[in-house]
Amino acid sequence: MITINSLVKHRRKQEILSGISFKARPGRVTGFLGPNGAGKSSTLRILLGLDRATSGSALINGKPFAELDNPLTRVGAALDGAGAHRMRTGRAHLCWIARAAGLPRARVEEVLEITGLTNAAGKRVGSYSLGMGKRLGMAAALLGDPEILVLDEPVNGLDPEGIRWIRTFLRTRAESGNTVLLSSHLMGELAETVDDVVIIKQGQIVADGTLAEVIGKHPTLEEAYFALTTEYPGENV
Amino acid sequence: MRAFLAELSKLFSLPGIWLACGIGAFAPAVIAVLDSIAQKEDIIAGVSTRLPEAGYIGLAVGVQGVIILGVLAVSSEYSTESSESGGGQQIASSLTVVSSRLHFLLAKAGAVTVISMLQCIIAITAVVPATYLILGEYTPLFEWPKLIGAVCYWTFTALLAFGITVITKNGIVPLAVLIMNSSFVSISFLLSKVTKLALYLPDRAGIDMFMSLSESILSPFTGALVMFAWVGVLFSAAIVVILKRDVAS
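Taken in order, these protein sequences are the chains called G and S.
When the letters of the first sequence are read in order and numbered with our numbering, they come out as residues 114 to 350.
When the letters of the second sequence are read in order and numbered with our numbering, they come out as residues 16 to 264.
One thing to keep in mind: the hints can contain errors.
Stated by the list, open to error - Here are the computed lysine-lysine pairs in the DSS-like style, where the Cα-Cα straight-line distance is at most 25 Å:
1) 126/G - 259/S
2) 184/S - 126/G
3) 176/G - 259/S
Simulated from the structure, these hints should not be mistaken for laboratory data.
Using the sequences provided together with the hints, build the complete structure.
Okay, here's the thing in structure tokens:
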């Protein structure tokens with residue numbers, strides 16, 4: 114369970130998050146939506162202990178990320194890009210992560226296989242496409258077989274086959290009782306993947322509920338999203 | 016321990032670290048050979064005032080390898096992927112694997128310390144025979160306390176580079192300043208002509224651990240303490256910075 118409670122973040126004189134609260138529950142895929150600069154990535158970074166909250170809390174099973182013992186086996190995270198140095202090979206990147214988490218080398222080969230990167234594992238990360246980088250980030254997130262996945266724009270740059278794979282994969286993870294929180298701006302993909310939706314706009318939550326609740330009377334999630342996040346919805350019709 | 020081993024694995028899987036190790040292993044011997052050739056006639060004639068420096072000069076000036084190591088260990092964390100690749104940074108991966116920033120920093124510093132010590136030991140094993148090769152029976156005695164001083168000098172230099180780069184996040188400035196300062200005519204050397212306080216700068220104090228320069232005012236032990244104090248101050252600053260700084264800042 115991920116619990117975001119009254120989270121506030123100030124950066125310089127700007128308020129990035131204005132006391133947001135929501136939950137991502139086990140057994141469900143929660144989609145975190147919002148325009149660029151709405152505060153999605155800031156929320157995820159605070160959740161993962163990368164940025165500090167001005168006030169409020171972001172908890173993973175009731176604990177801040179920094180208090181988790183061997184966090185890779187509890188939370189798998191994939192944020193911007195691959196999160197790897199461009200001069201290192203994909204396999205070497207996963208190997209140091211596995212070593213830090215005390216995982217066997219064989220697990221590296223398993224996640225390379227799962228994410229379809231086995232043939233590219235010996236290449237430098239700098240030569241990877243955006244989609245391959247995303248797959249490497251996903252492989253790193255899966256190394257510890259965690260019960261919680263936190264993914265920032267996971268389908269960005271993936272080809273149709275990759276998008277289909279990730280959709281199926283995340284559904285399977287959630288159906289096994291795991292928690293999945295993902296941010297995205299691809300409404301069509303999200304509507305086919307998520308159970309719950311949280312929409313953020315200018316640092317404030319403007320919708321939080323099941324997919325059906327958030328869509329409401331709108332024909333699609335996309336329509337609902339624009340109605341909730343645009344000052345003048347008619348502009349986008 | 017797992018974090019330390021992961022940092023070793025992380026460093027040795029970067030090509031730049033192998034370049035740093037190569038420079039660290041061979042540059043001091045090359046410098047020692049060139050200096051010995053230049054000094055040989057004066058040494059044989061018994062008129063050289065730099066006989067005690069023979070060989071050691073390579074260990075003093077050839078410290079660039081550990082500077083690159085210390086800088087690269089940190090700057091590689093903040094190196095940003097291209098925007099086409101998503102614009103991520105390795106530091107985000109590192110801090111989601113080792114959630115304690117203090118453990119992360121100590122593990123990385125530990126890895127840099129071990130590699131620096133090994134680099135210096137390899138450099139010494141190259142410098143000593145290289146100097147003997149040129150100077151033969153005129154080679155000054157390589158004393159253990161001085162060689163240990165050289166190992167300390169290299170390790171402290173690597174940790175200074177490490178600490179400065181944690182603060183700057185970018186490797187270019189510390190790399191340029193520290194490599195320039197480790198050259199034959201260093202900023203601290205020039206400053207020492209203006210004020211004796213410059214002799215307490217880390218590189219000048221550190222060299223006193225294994226070389227007796229004409230203008231030195233510190234004993235080897237005091238030199239070690241002064242350089243260690245510099246490392247302590249910079250490393251403390253690095254800890255404060257990394258504990259407080261947002262990855263996104």
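Contradicted hints - numbers only: Hint check: nothing fails, all pass.
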